[in-house]
Amino acid sequence: MRIENHPILEFKHGKKVGFTFEGEELSGYEGEPIAAALHDHGVQVLRYSIRHNRPRGFFCAIGHCSSCLMEVDGIPNVRVCTEPLAAGMVVRRQRGKGELR
Amino acid sequence: MIATPEVLIVGGGPAGLAAARETVGAGCDTVVLDDALEPGGQLVKQTHKFFGSEMEYAGVRGIKIPEILLREVSDSPKLKILLRTTASGYYEDGVVTAIFQDKKVLKFKPKKLIIATGAQEKTILFPNNDMPGVYGAGAVQTLMNVYGVAPGTRGLMIGAGNIGLIVSYQLRQAGIAVAAVVEALDRIGGYWVHASKIARLKIPILTRHTIIEALGEENVTGAIIAQIDDNWLPIPGTEREIECDFICLAVGLSPLSDLFRLAECEMVFVPEFGGDVPLRDTNMETSTKGIYVAGDVGGIEEASSAIIEGALAGISTAFSLGKNIPDYERRNRELRDELVSLRSGPVGEHIRSGIAKCRISAKTEVG
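The listed protein sequences derive, respectively, from chains A and B.
Each residue of the first sequence is one higher than the one before, counting from 1 in my numbering.
Each residue of the second sequence is one higher than the one before, counting from 1 in my numbering.
FYI, nobody ran anything at the bench for these hints, they're computed from the structure.
Wrong hints could be hidden among the right ones.
[Said to hold, decoys possible] Covered stretches of chain A (chain B as the covering partner; in silico rule of three or more C-beta atoms under 8 angstroms from a C-beta of chain B):
1. 39–47
2. 51–61
3. 75–87
All C-beta atoms in this analysis are idealised placements derived from N, C-alpha and C, irrespective of residue type, glycine included.
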């Protein structure tokens, strides 16, 4: 969900681009973290943990905690809280350690 | 190839940028490494106006400060800022390695190294604390203030320190409800100016309360909170359910001090500062000659003191490189006096106590 009409801030968004999440076509703004674009669409579960298969999401937003690792364009373990969104990206939930495709 | 700048600064937040302003201003070839998409560290989401004096931009909103810090030096050929670049190692020959945009390993052998890597958020233990929808308060700030995305519709804030209070207020500014602010202490830890804003918005601040568990299957659908007794244990019968779709943890920060450990700087655990920090002299130099510390990585404090520490580390570094700095001794003293003033009074008591535990006597004391 995007925040509209903020009393102090004006958001400088990049151009609108399309990407896919689990095969579904979504849109976001170029250059924003992939996690921000996913949150706009209500996607909170970003991966499932290695040992107990627990759902994990966004946590630190600075690329340190490893909670948000996803598969992006076939590459696993991408920190989507700091990875900028680009047109046509293929984003998938990561299960466990992920796989190289 | 190994790059050999005169000064390498790891971290482009308030401390790192203030240090760069000084080293570049004094004519040092300076490289700044930062892992984020843009410089400024946590300033990029601080929509509130700063306190203090003019030296640390009192009255200016945090989001404007990176631009001001960089204004004087951003056109200088002496300054290079590498973004999305993570310092990854320090080797015994003084080489710092960094991963550049996930593509390339860079190597630097600077004459002087300033480490200003900041801090990361702590978490606390409760069932489901790993569930999507349990966020660091700083992360929520980034999501809503930098990227304009709401973390949810109704949040529960854990922690009534300054971050918990400020982020609660900012959530309301963004049109997002805050069910309550929960605080384990018997008092509000943050400044009254922030607490009174929360009170005016009629958001309850529940002291002597804690979170018992987050509710939900795949994401947060609520939380159970309870009162705690003198031993910080939940009082049976006081549990109640809070309706919320996200939980913000504002339970403190911990210094990202790994690089100092790699560089074998002498470290000390300082509870007041949230973890292990390097010993430092009054010029911010650590026990390893030529390695300086500035900002939250040396002890959790505030952006205002990080700016002053950065400036102090910056001019000390430039001076030690033999650069001509007019009025060096006066400026050095002014910056140190400013830190003393920022840390004065009852609010600064724990900072003063922390500083006393990590001070080494200066090797080249000024004045």
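The hints, checked one at a time:
A count of 5 residues in the segment 39–47 of chain A with a Cβ less than 8 angstroms from any Cβ of chain B is obtained; the coverage claim is therefore met, three being the minimum. Beta-carbon proximity to chain B at under 8 angstroms applies to 8 residues in the segment 51–61 of chain A; the threshold of 3 is reached and the given coverage holds. Counting residues of the segment 75–87 of chain A whose CB lies closer than 8 angstroms to any CB of chain B gives 3, so the stated coverage by that chain holds, three being the minimum.
In summary, this structure violates none of the numbered hints.
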